[in-house]
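Undergrad: Chain by chain, the residues:
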Amino acid sequence: MELRWKKRLMDEGEINRAVNRMAHEIIERSDRLEGVVLVGIHTRGIPMAEHLSKLIKHYEGVELPVGKLDITLYRDDLTEIGVQPIVRRTEVPVDIHDRELVLCDDVLYTGRTARAALDALMDLGRPSLIRLAVLVDRGHRELPIQADYVGRAIQTSRSEVIKVRFHSTDGQEGVDLLERGS
Amino acid sequence: MMEAVQIRHRHLLDLEDWSASEIESLWRTTDAMVEVMQRKVKKVPALQGLTIVTLFFENSTRTRLSFERAAKAQSAEVLNFAAGGSSLSKGESLKDTLKAIDAMQADLYVVRHGVAGTPHQLSRWTDAAIVNAGDGRRAHPTQALLDGYTFRQGFRGFDGFRGKRLVIVGDVMHSRVARSNIGLWTKLGAEVVLCGPRTLLPTELGHWPGVQRCFRLEEAVEGAHAVMALRMQRERMQSGLFPSLSEYQARYQLTAKVMEHAHPDALVMHPGPMNRDVEIEGVLADSPRSVIEQQVANGVPVRMAVLYSLLVGRAR
Amino acid sequence: MRQVIKDARIAGWTEGTEVADLYWREGVIEGVGVGGEVDRVWEAKGALLAPALIDLQAHFCDPGQEVREGLAAGMKAAAAGGFGTVVVMPDTEPVLDDAAQVAHLQARAETLGGVRVRVAGALSCGLNGEQIADLAALQQAGVVLATDGVMAVRDGHLFRRACEYAEELGLLVQGGGLDRNLCQAGVMHEGRVSERLGLPGQPAIAERLALYRDADIARMTGARVHFGHVTTSESVELLAWLRAQGAPISVGTTPHHLLLSEESMASFDPRYKVFPPLRPPSDAKALRQALIDGKIDCITTDHLPWTLAEKEQDLVQAPAGIAGLETAWAVLYTALVVPRLLTIERLLGLWTSGPARIMGWKEPRLLAGEAADMVLFDLDTPRPVEPMGFFSKSRISPWDGQNLCGWPIATFVRGQCCFTREGFGEASGTSAHRVGPL
Numbered sequence: 001m002e003l004r005w006k007k008r009l010m011d012e013g014e015i016n017r018a019v020n021r022m023a024h025e026i027i028e029r030s031d032r033l034e035g036v037v038l039v040g041i042h043t044r045g046i047p048m049a050e051h052l053s054k055l056i057k058h059y060e061g062v063e064l065p066v067g068k069l070d071i072t073l074y075r076d077d078l079t080e081i082g083v084q085p086i087v088r089r090t091e092v093p094v095d096i097h098d099r100e101l102v103l104c105d106d107v108l109y110t111g112r113t114a115r116a117a118l119d120a121l122m123d124l125g126r127p128s129l130i131r132l133a134v135l136v137d138r139g140h141r142e143l144p145i146q147a148d149y150v151g152r153a154i155q156t157s158r159s160e161v162i163k164v165r166f167h168s169t170d171g172q173e174g175v176d177l178l179e180r181g182s
Numbered sequence: 001m002m003e004a005v006q007i008r009h010r011h012l013l014d015l016e017d018w019s020a021s022e023i024e025s026l027w028r029t030t031d032a033m034v035e036v037m038q039r040k041v042k043k044v045p046a047l048q049g050l051t052i053v054t055l056f057f058e059n060s061t062r063t064r065l066s067f068e069r070a071a072k073a074q075s076a077e078v079l080n081f082a083a084g085g086s087s088l089s090k091g092e093s094l095k096d097t098l099k100a101i102d103a104m105q106a107d108l109y110v111v112r113h114g115v116a117g118t119p120h121q122l123s124r125w126t127d128a129a130i131v132n133a134g135d136g137r138r139a140h141p142t143q144a145l146l147d148g149y150t151f152r153q154g155f156r157g158f159d160g161f162r163g164k165r166l167v168i169v170g171d172v173m174h175s176r177v178a179r180s181n182i183g184l185w186t187k188l189g190a191e192v193v194l195c196g197p198r199t200l201l202p203t204e205l206g207h208w209p210g211v212q213r214c215f216r217l218e219e220a221v222e223g224a225h226a227v228m229a230l231r232m233q234r235e236r237m238q239s240g241l242f243p244s245l246s247e248y249q250a251r252y253q254l255t256a257k258v259m260e261h262a263h264p265d266a267l268v269m270h271p272g273p274m275n276r277d278v279e280i281e282g283v284l285a286d287s288p289r290s291v292i293e294q295q296v297a298n299g300v301p302v303r304m305a306v307l308y309s310l311l312v313g314r315a316r
Numbered sequence: 001m002r003q004v005i006k007d008a009r010i011a012g013w014t015e016g017t018e019v020a021d022l023y024w025r026e027g028v029i030e031g032v033g034v035g036g037e038v039d040r041v042w043e044a045k046g047a048l049l050a051p052a053l054i055d056l057q058a059h060f061c062d063p064g065q066e067v068r069e070g071l072a073a074g075m076k077a078a079a080a081g082g083f084g085t086v087v088v089m090p091d092t093e094p095v096l097d098d099a100a101q102v103a104h105l106q107a108r109a110e111t112l113g114g115v116r117v118r119v120a121g122a123l124s125c126g127l128n129g130e131q132i133a134d135l136a137a138l139q140q141a142g143v144v145l146a147t148d149g150v151m152a153v154r155d156g157h158l159f160r161r162a163c164e165y166a167e168e169l170g171l172l173v174q175g176g177g178l179d180r181n182l183c184q185a186g187v188m189h190e191g192r193v194s195e196r197l198g199l200p201g202q203p204a205i206a207e208r209l210a211l212y213r214d215a216d217i218a219r220m221t222g223a224r225v226h227f228g229h230v231t232t233s234e235s236v237e238l239l240a241w242l243r244a245q246g247a248p249i250s251v252g253t254t255p256h257h258l259l260l261s262e263e264s265m266a267s268f269d270p271r272y273k274v275f276p277p278l279r280p281p282s283d284a285k286a287l288r289q290a291l292i293d294g295k296i297d298c299i300t301t302d303h304l305p306w307t308l309a310e311k312e313q314d315l316v317q318a319p320a321g322i323a324g325l326e327t328a329w330a331v332l333y334t335a336l337v338v339p340r341l342l343t344i345e346r347l348l349g350l351w352t353s354g355p356a357r358i359m360g361w362k363e364p365r366l367l368a369g370e371a372a373d374m375v376l377f378d379l380d381t382p383r384p385v386e387p388m389g390f391f392s393k394s395r396i397s398p399w400d401g402q403n404l405c406g407w408p409i410a411t412f413v414r415g416q417c418c419f420t421r422e423g424f425g426e427a428s429g430t431s432a433h434r435v436g437p438l
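Protein chains in written order, with my numbering: chain X, 1 to 182; chain L, 1 to 316; chain B, 1 to 438.
Not one of these hints is a red herring.
Simulated crosslink set (DSS-like; lysine-lysine; CA at most 30 Å straight-line):
| hint | chain 1 | residue 1 | chain 2 | residue 2 |
| --- | --- | --- | --- | --- |
| 1 | B | K393 | L | K99 |
| 2 | X | K68 | L | K43 |
| 3 | L | K42 | X | K68 |
| 4 | L | K40 | X | K68 |
| 5 | L | K95 | B | K393 |
| 6 | L | K72 | X | K68 |
Label pairs and their computed distance ranges (CB to CB):
| hint | chain 1 | residue 1 | chain 2 | residue 2 | range |
| --- | --- | --- | --- | --- | --- |
| 7 | X | I81 | L | R251 | 53 to 59 Å |
| 8 | L | K99 | X | P93 | 48 to 54 Å |
| 9 | L | G210 | B | E164 | 53 to 59 Å |
| 10 | L | G157 | X | V83 | 30 to 36 Å |
The hints are simulated quantities; they were obtained by calculation from the structure and are not laboratory data. Note that CB positions come from ideal geometry on N, CA and C, so glycine has one too.
Take the sequences, apply the hints, and build the full model.
TA: Printed below as a string of structure tokens:
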């Protein structure tokens, strides 16, 4: 499948500002910041969670633990797809029982990844609360799922693809809109 | 670091046609499965709706249990079929037996059979995937995968298989575990030394690239990074393959003293079931060098990874 | 009835692509180009006419296991393979160790008509290797060969006495086989491949040892001993040496040992399980060379049919042996004569004069006054091996699906046509009638 670049949606500065705002919102909305655990969904939810953790430490002096969550084994399409997703190790360094979690991902689209992530988190323990933070909300939800913290909401069509890049995973940073070729 | 690759095999019959990078990818999936097995809820929905049938023509409760756990931990349905060789000799052909079970609509069969090649034969007669859980003397690929995984996980400062030396001691001739491990370790660049009485070390195996035979245990173990003792079966004495158990013990029992010749970090392995104080000294099996328990524990995540790799992403 | 085969290349008569007509009346050849009124005309259209083939070793499993083959199916399969004479083996249920059984079997074959069935009788009662069978009575009933089968007679003493007894009767003995103890539970040739596949092997020495003992007993007793399925290079050399020392022995091998090797077992397909087992490619090559050198006197099919259900088992349970009558000539012609590794004359000799000499029969030739036992081969039209279309009840072939040349298209025994391949012979009586595609 060919992907055609359409336009840049966010540059590095815009990403920083959006994540900064989300960090402040997280600080504002949590009753007990020390109890919050940031959980990034593989692959690009992880640099986002790490970014948020760094900013929160900078502003509040509190270091929030960052967990890595792989949702592959919880996908609802495993028997329907023709390629085999690579399973990565889930590493959540603290017991999430009774903790407040912020689940982080780069893009919120159909909501199926978030659904899988919720199931995965439930198997790890019983958190007191889970909130969802995404850098980009592009709409087209197929499940009743909403983000609590959104970097930017963007109108897209289904033929379009949002590509998020982070320094740690891609060597560069930015959000681009691409179009699927025929 | 090797890139993870897609595993494209329909079956796991043996490891002959699996590449080193496919094996490494499988072990990375195993890493993820190890984490799953450490959770409170040891169950993920990955194989929901799929049916796995264990087809054991030869009894092995442990292997079957390990596969069953691996399947159920991924929410697959598991049906067990235990067929004694005798029920088949009552006139039903192997193919007809399989066709009858095929009516259960299995997605994957886990097959154990006393004769080499039977899983290969079955794979010609069904659309389901087949995992070889041990066939005759030929192969026991999931055992070799878990042995290799245990070494990769447990050897201090592990930096790959290249230049490592595995010693397999005992009845190599009748051992599918030995054959599969020889194939796996040499594929990954390790050297394999086979040790035991000459009657149990087939000459031809010693001619495989990367494999040598050695009839003296101390010599064989010299500088080894892993030493695996094989189960010694008493029946072998009756078939004239060696004189007596006491002579075998005296010459080939793996002891702490023998292990002094090995690399200081060498691991002691045993595929089980173990005859304590026959092929392996009891205290050595319980010593810190021994990873025998880890081998058993790793059986489940390795088999989870195998089932995942064969069943996911198969839609046409 | 007087018949003619027109426009045939005739073995022993014509050269190259030259054709001629061969006439016969009832069961006796009249000659080439003699002309005159005929009742039936067969249009050969350049096909090769040769004496019908002789197989010294086929198992028809009759009486007892007709589900595997039976006399009627076996005879049809033989005719379809171009054979005019077949020696059937005594490992039946009951064993052919009884003169009445043998006479009855032969009478049944006569009634059925077609291929000539000759009987090999048991060397020992019940093939048990303990007591010599009534060889004189068996011979009188028609037995042409005494054998205990593929496993060597356990007791060397018994074999020696049987040879002495048979020598005095002038009866041919089949010896050799495999040494039971050395074979153990092996299902294939012991060596590199068996070790890799993890299948229990049987060492080549199991054959050589049995051959040596029996061939040397032949030398000692003067009995004529035939070795029907010699499969290794060393066995061939050993027997050639013993023959040079004066042992009155003869040597045969099979198409599968000539053309296939132990490597086939890597498919874990029981159709490659035969007895003796398939050997390394170097042995097959040496056997092919021995055909040229004359160290091998004949080829036998060792046609050993099993039902599909019997073969579709694991490699220990699955029985050894394959049906070979219908493919034997075509596989060898395609693999050896087409690539010019062997002349067609030599291949014909290995299936006609070779076995006849071993049996002490008249050399089969297409000459006036000789029996009209003939086969017509279409040397050019390739056709795939289709086991489902076999006359044999055993629908399993290692050559399944392969395109072969040289197929027999008609077989005549005692002057009577007992097989035509589809499309052949429709032009009977008049040459104006179009012959359909073969």
